[in-house]
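Make the full structure from the sequences, and use the hints.
Chains as they are written, first to last, in my numbering: chain Y, 1 to 155; chain V, 1001 to 1406.
I should point out that these hints are in silico values taken from the structure, not numbers from a laboratory.
Keeping only pairs whose Cα atoms sit at most 30 Å apart, straight-line, the calculated DSSO-like set for lysine-lysine is: (1) V:K1263 / Y:K125; (2) V:K1212 / Y:K113; (3) Y:K113 / Y:K101; (4) V:K1140 / Y:K89; (5) V:K1293 / V:K1110; (6) Y:K125 / Y:K4; (7) Y:K4 / V:K1210; (8) Y:K133 / Y:K4; (9) Y:K52 / V:K1380; (10) Y:K46 / Y:K125; (11) V:K1212 / Y:K9.
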Amino acid sequence: MILKDIMCKKIITVQPCATLAKILDMFQQFHTFPLIPVVDDTGIVKGTISLKNIIEIFEPTKMEIFKSISFIEHPEVNIFDLEITPEMKYLYIADDLMDTKFLSIKEETSVEKAYTFLQVNHIDKVLIVNDTKQLVGWIGTFDIIRTVFRQKGLI
Amino acid sequence: MNTILSVGVIFLASVLAARILNKIHLPAVTAYLLLGVILGGSFLNVVSGSILAASGLISNVVLGFIAFSIGRNFSFESFRKIGSSVLWISILEAMGAWILVTLIFLALKKPFHIAILFGAISAATAPAATVMIIREYKAKGNFTNTLLGVVAIDDAWCLIIFAISLALSKAIYVRQTVSNLFYIKVILSAGAEIFGAFILGSLTALLMTKAKRFIKSRTEFLIYSIGFVFFNAGLAIGFNFSVLLANMFFGAVLVNIDHESFKFYDVISTVDPPLYMLFFVLAGANMEIGLLKNIGITGVAYIIYRVIGKALGSYLGGHISGAPDNIKKYIGLGLVPQAGVALGCALVVRSDFPQAGPVIFTTILATTIIYEIVGPVCTKIALEKVGEITRFETKPENKDITGGNC
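Here's what the structure looks like:
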C-alpha cells in the first residue's frame, strides 16, 4: 500500500502573500495547533507555518542563521512580554513567517516507509508531494495506525 | 577527587555559575570560563588530572562540532538573505583585525609565525554575548539586524583565516630558512591542505546524505549524525588536513546538497550543550596563572589593536556596501566580545606549538575574560548611540496596511 491510497487530500493552504491577519483567522478554526503549508500559484510548497513561527516573528534574535551558532541559548519566547500592536497583523505576510526548512514525502512512498520516516524525524504528520513537488496531501501517524487497525479488523 | 565526581562537580557548578553571572548580565560562556579558572590547578584544584589530560581530545571533538555547525551558514539561501552590507562588513572586520594585529605584533618584534596566529585568532567574535545584550534591551532596527548578521557569520571567516594562517605558520616554523621558492612552497602547501579539507568534507557530506535512507529509528539517527562528525574529523587528522576546515566544509556542502540537512544539525544540537560547557570549563582550568605575568604588553596590544582593526575593517566594509553612517561608525564597537572560536583556535595552537603555545593560549584566555566582561558593555553603548535601545514604536512605513488579497 502506498501513501496515495490513504493520504488526506483536503488541505488548507495559504499563499506567500497572505497577511498575518488572514493566517490568524484560519488558526482560530482549528482546535489543535495546525501546520499550514504555504504554496505558490502552481501548488508548489514554499514553506510551512505553525504557531511557533507566528510567535517567533516578534523575537528578532530567533533568526534562522543563529541556529548555526553553538554557544547561544535559545530560551522560549515569553508571549506575555512581546511587544505587539494591532497593525502588525497587516505588516507581516506568510512569506516573512514561514519556515522554509520543512519535510515532505512522495505520494508513491509505501506506508511502512512513511511510518519509519515519521518516527525517525520525530514528527506527527508530513506533507505529501508529487514528482513536480506540488502539494497533493498529508499524512499523520494516526492515519497510518488507523489503516493498520482497519486491515487487522480492529475497526 | 576521582574523575567521575570531578565531572559531576563541574556539571552542577556550571549551572550555578551561569545563573549567578546571568544576574549581573554576563553570558554563560564567561561563567564557564571563570568556573574553570577557579576549579583548575591555579586555585581549588578539583578538576582531576585525567580530565585535564583529556582536554586536547575534548577540545578537538568540540571544535569539530562547532565547525560543522558553522558550515550551515554557507547555504546559498543564507547568503541571499543576509545582504551585501553584512557580507562586506563581516569579511573586512575579520580581515582588518587579522592584518592589524599581525602587523602590530611584528612591530613588537614577535616572530612572524606567532604574529600571524595572534592576528588570525583576533578575527573571531562572540555571538552569544551580542545576542544576550540585544535580547536583554530588546534592541530593534537596521543596526541591530546588521550586527546580528555580522556576528553570526564572522566566526566562519575566522576559521578560514585561522586555517590559512596555521598552515603558513607551521611551514615557516619548521623551516626557518626563507627564500622566494620557500614562500611558493608554503602557499602551495596551505592551498593543498584547504583543498584537501574541502574534498574530504564534500565526500563525507555526500556519503551521509546517500546512506541516511538506511536509518530506521530516532536513536539510530542521532548516533549516525554524531558518528559522521567524528568520522570526518578523524579522517582530517589522519590525512593531516585542518579539522576545523574539513568539518566546516562538511557542514557547508551538506546544507547545500540535502534540503533535509537541517535534521542533522537539529538532532546534534540536542546533545552538544554539555560538551560546549565542558570545553569552556576545561579551557579555564588549563589557564596557567603563572604565565599571566609574561603577557604584559602583548595582551594590552592584542586587546587594543583587535578592536581598532575590527572598527576600521567594518567601517571600510560599510563604506563599500553603502551602509548608513551610524552602522559604519558604531558597528565595530558591537564586535568587541570574543569567546568560543578564539579559545578553540588558541587550544589548537597550544597543542601544535609546544614552546610558544601555552603563552598564546593564556593570552587569548585572559583577554577573552576581559572582552567578555567589557564587550557586552561596548555592544550596549553602540546600540544606545544609534538609538535602537528604545521602547517599541509603531510606524508602518511604506507598507500597505489594508491587509487585502494577494
